[in-house]
Amino acid sequence: MKLLLRNISLRLADFVLKVNVELASQVTAIVGPSGAGKTSLLDLIAGLRLPQSALIQLEERVLTDTARGLFLPPRLREIGYVPQDLALFPHLPVRKNLLYGCKTAPPCGSLFSYEHVAAVLEIEPLAGRSVTRISGGEKQRVALARALLTSPRLLLLDEPLAGLDAALKARIIPYLARVRDEFQVPMLFVSHDRQEVQALCDEVVELERGQIRSEANQKA
Amino acid sequence: MRISAVLKFLLCLLLFAGAQAGIAASVTVFAAASLTDSLAKIAAQYEREIHDKIVFNFAGSSLLARQIEEGAPADIFFSADEAQMDRLQNKRLIRAETRQSRLSNLLVIIVAADSSLAIATPRDLTKASVVRIALADPQAVPAGVYAREFLTKENLWNVIEPKVVPTANVRGALAAVESGDVEAAIVYKTDAAISKKVKIAFEVPRADGPKISYPMAVLKDAPEPAAAKRFLQYLNAPAAGKIFAEFGFIVRDAGL
Amino acid sequence: MSQEWQIVWFTVWVSALSTVLILPGGLAAAWLLARHEWPGKSLVETLVTLPLVMPPVATGLILLKVLGRRGVLGGFFHDTFHLDIAFTWRAVLAAQAVMSFPLLVRSARTAFAEVNPRFEQIARTLGAGEWRVFFSITVPLAWRGIIAGMILAFARALGEFGATIMVAGNIPGKTATLSLSIYESVQLGHDAAAFRLLGISVALAFAAVWSGEWLMSRRRGLHETAS
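Residue numbers (the working numbering), protein chains in the order written: chain P, 1 to 220; chain H, 1 to 256; chain Y, 1 to 227.
If we strip away everything but chain P, and leave its shape as in the complex, we get:
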């Protein structure tokens, strides 16, 4: 996976997010204290925010280029996003949430079929339930599956393990590993805890107050 984040400048409340980096690993983690600008960075990559300046490019596709006035809307970026609050649509049952992004009529199927994803993440039994009636861990998996079913070229995950107790974390991490191994979709994690994402990632980028402090390639 090749993700270019060149000359990014985004004005935030207390500081300016300035990032200039090229990420080439399959699974990358962005770690840093809360308020460092991690979520804002994900928003920029997904196309949910417009920066003062940036060149964001995924593989050959230019997503944002302020210099040339180019901006690809989020729906065309093919980037899956699992936000911190999951944002599962409360008015739709689990199945409809999962199928929301599917482009082809028989449930999905350009890269990952519904059956495959549901099996890997073990969410088939939840299909008919209301999203308010499933557990925290189940919600995580549903949100993850929903993003996966759009056959994304990149998966963004904002604090996928935040707010989960140790036992639940231990249960979710294998699923994330499965997504990495089974579906081979490049992933970009955001976490405030370096330890917990260590095992999953190839590369770790430290972000503090909008600036990159270090880049460490673990599998080098």
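There could be a bad hint or two in this list.
List time: in silico BS3-like cross-link candidates among lysine-lysine, alpha-carbon distance up to 25 Å [as the list claims (entries may be wrong)]:
#  : chain 1 : residue 1 : chain 2 : residue 2
1  : H       : 189       : H       : 163
2  : H       : 199       : H       : 211
3  : H       : 242       : H       : 196
4  : H       : 242       : H       : 127
5  : H       : 242       : H       : 211
6  : H       : 163       : Y       : 174
7  : H       : 189       : H       : 41
8  : Y       : 65        : H       : 196
9  : H       : 153       : H       : 163
10 : Y       : 41        : H       : 197
11 : H       : 199       : Y       : 65
12 : Y       : 41        : Y       : 174
13 : H       : 127       : Y       : 174
14 : H       : 189       : H       : 229
15 : H       : 163       : H       : 127
16 : H       : 163       : Y       : 65
Some residues of chain Y that are not near chain P, with every Cβ distance over 12 Å (derived) [said to hold, decoys possible]:
#  : residue
17 : 32
18 : 171
19 : 199
Far from chain Y by the CB rule (all over 12 Å, computed), these chain H residues [said to hold, decoys possible]:
#  : residue
20 : 5
21 : 69
22 : 73
23 : 131
24 : 150
25 : 155
26 : 156
27 : 166
28 : 178
29 : 196
30 : 206
31 : 224
32 : 242
33 : 246
34 : 248
In short, the hints are calculated from the structure, not lab data.
Glycine included, every Cβ here is placed at the ideal spot set by N, Cα and C.
Chain P is fixed; fit chains H and Y onto it per the hints.
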């Protein structure tokens, strides 16, 4: 110290107000809409001579009668037909001995001043080119009631009724023709006279038309009965009669 | 008595039609006002609120000037289609629509503003275009406020008087609404009829508001938080 000064001031104000009440009275007249311009002129003259203040409420006579029934504080009722006055007399709301009528009027069919419709007789109102005809509400307002009576007598009412746009009072019917929203209206000759935007297409001869009469009376619960009677007398005097005639009313004078 | 039911039926169906007709424009205006900042926004906001605060007869007078035979719109329809607007049921519809529009917009706008934008954003990342986001995410999540707005608008239309009497008049069988008829009955001294119509008005308004409350309480608690 301050308080007693304020009290003295208020006392003076009270005495002053009391004194004023004896000097100039305010007479409230509920009058038919068709009398608007003539009465305004008469009152202006009266106020110069007698120093009482005349306050008017112009509307359809039926609405005025209803307001009086509900206790509106009026001194004089000047109606455009006997029926509304009878309505109040039957409820003992007027001083019957002051009831009199000296004015009459004529009905006319009017069209817009720039209208090209050929309307020369009442029967022409039944033509297809006349889509809408404005009348003061024919169920209650005198001008509309008179018009309905006349058209019924001419055996035209059934055909014309579906075309009728009822307005709150006769001036509303006039306005509807002026704005072009209706092709024709039936109003009083005195109303047609005050507007330059309409022209008379047909005048109902006095002999053929309904008996139009404008009774006036002092109300039983009038706040200012003495002043009201004074003004009523003035309304029946020659000076007022001249002004009414100026505006086109038919004036029946006892003495003239 | 059957004439009274004709008046009730007429009032109800024109009010319902008016409420349906203002829905697309009302939701569009509400969404634009809730979500975006744009030049001229305050002006539009003010214009939308005007019928709410202006004297209804004043609004009615403006409508009469516009929809009358010599008016901008009325003249066009009269000359081109031989269609009259003022003093017909269409004027009743127009008066009701104009007077109840602000109520719908205000309710819907608040409802849209309360929808967490995160849901709309995620929907976009899942590939939804703006229209799909609006109809599949925004509107369903705001439906309570939208329904409340529609009920308010309907009730307002039912009771419309000042603007209606100006631009439509009170023509028996053609533009006589419930409120106009109450006024007329009082004028004529037909008190019994006036009170019957009054009772029906109260019953209608009560039914409208009651069913709205019921509708919304049935689905309470379903749309609280995302996680």
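Verification of the supplied hints:
For the hint pairing residue 189 of chain H with residue 163 of chain H, the CA-to-CA distance comes to about 22 Å; that is within 25 Å, so the pair holds. Under the criterion of a C-alpha separation no larger than 25 Å, the hint pairing residue 199 of chain H with residue 211 of chain H is consistent with the structure, at around 23 Å. Taking the CA atoms of residue 242 of chain H and residue 196 of chain H, the gap is near 23 Å; set against the 25 Å cutoff, the hint holds. Note on residue 242 of chain H and residue 127 of chain H: the hinted pairing is violated, with a Cα-Cα distance of about 40 Å set against a maximum of 25 Å.
Taking the CA atoms of residue 242 of chain H and residue 211 of chain H, the gap is about 22 Å. The hint holds against a cut of 25 Å. Taken as a hint, the residue 163 of chain H and residue 174 of chain Y pair is honoured in the structure, with Cα atoms around 11 Å apart against an allowance of 25 Å. Note on residue 189 of chain H and residue 41 of chain H: the hinted pairing holds, with a Cα-Cα distance of about 18 Å set against a maximum of 25 Å. Using a Cα cut-off of 25 Å, the hinted pair residue 65 of chain Y and residue 196 of chain H holds, with the two alpha carbons roughly 20 Å apart.
Restraint check: the Cα-Cα separation between residue 153 of chain H and residue 163 of chain H comes to about 18 Å, which is no more than 25 Å; the hinted pair holds. Between residue 41 of chain Y and residue 197 of chain H, the direct Cα distance comes to roughly 42 Å. Violation of the 25 Å bound is thereby established for this hinted pair. A threshold of 25 Å between alpha carbons decides the hint, and for residue 199 of chain H with residue 65 of chain Y the separation of about 22 Å falls inside it, so the pair holds. Of the pairs offered as hints, the one joining residue 41 of chain Y and residue 174 of chain Y is violated, with about 39 Å between alpha carbons and a cut-off of 25 Å exceeded.
Taken as a hint, the residue 127 of chain H and residue 174 of chain Y pair is honoured in the structure, with Cα atoms around 21 Å apart against an allowance of 25 Å. For a cut-off of 25 Å, the pair hint linking residue 189 of chain H to residue 229 of chain H is broken: about 29 Å separates their Cα positions. Between the alpha carbons of residue 163 of chain H and residue 127 of chain H the distance comes to roughly 11 Å, so the proposed pair stays at or under 25 Å and holds. Between residue 163 of chain H and residue 65 of chain Y, the direct Cα distance comes to roughly 21 Å. Compliance with the 25 Å bound is thereby established for this hinted pair.
No beta-carbon of chain P comes within 12 Å of the beta-carbon of residue 32 of chain Y; the shortest separation is about 19 Å. For residue 171 of chain Y, the condition that its CB be more than 12 Å from all CB atoms of chain P holds, with the nearest at approximately 46 Å. Under the 12 Å C-beta cut-off, the non-interface status given to residue 199 of chain Y relative to chain P holds; the minimum distance is some 40 Å. Here residue 5 of chain H stays apart from chain Y, with its beta-carbon at least about 43 Å from theirs, past the 12 Å limit.
Distance to chain Y contradicts residue 69 of chain H as a non-interface residue, since its nearest Cβ pair spans about 7 Å, not more than 12 Å. Remark: the non-interface label on residue 73 of chain H is consistent with the geometry, its nearest Cβ contact in chain Y lying 19 Å away (cut-off 12 Å). Distance check on residue 131 of chain H: its Cβ comes as close as 8 Å (rounded) to a Cβ of chain Y, failing to clear the 12 Å threshold; non-interface status is violated. Every beta carbon of chain Y lies more than 12 Å from that of residue 150 of chain H, the smallest distance being close to 20 Å; the non-interface claim holds.
No Cβ of chain Y comes within 12 Å of the Cβ of residue 155 of chain H; the nearest lies about 21 Å off, and the non-interface call holds. Residue 156 of chain H, annotated as away from the interface, keeps every beta carbon of chain Y farther than 12 Å; the closest lies near 18 Å. Annotated as non-interface, residue 166 of chain H brings its C-beta within 12 Å of a C-beta of chain Y; the closest such distance is 6 Å. Listed as outside the interface, residue 178 of chain H is inconsistent with that label: its C-beta sits roughly 10 Å from the nearest C-beta of chain Y, within the 12 Å cut-off.
Every C-beta of chain Y lies more than 12 Å from that of residue 196 of chain H, the closest at about 16 Å, which supports listing it as non-interface. With a minimum CB-CB distance of about 29 Å to chain Y, residue 206 of chain H clears the 12 Å threshold, and the non-interface call stands. No beta-carbon of chain Y is positioned within 12 Å of the beta-carbon of residue 224 of chain H; the least distance is around 27 Å. No Cβ of chain Y approaches the Cβ of residue 242 of chain H within 12 Å, the least distance being about 34 Å, so the stated non-interface status holds.
In this structure residue 246 of chain H is separated from chain Y by more than 12 Å, as the shortest Cβ-Cβ distance comes to about 31 Å. Annotated as non-interface, residue 248 of chain H keeps its C-beta farther than 12 Å from every C-beta of chain Y; the closest such distance is 27 Å.
Violated hints for the displayed structure, listed by number in ascending order: 4, 10, 12, 14, 21, 23, 27 and 28.
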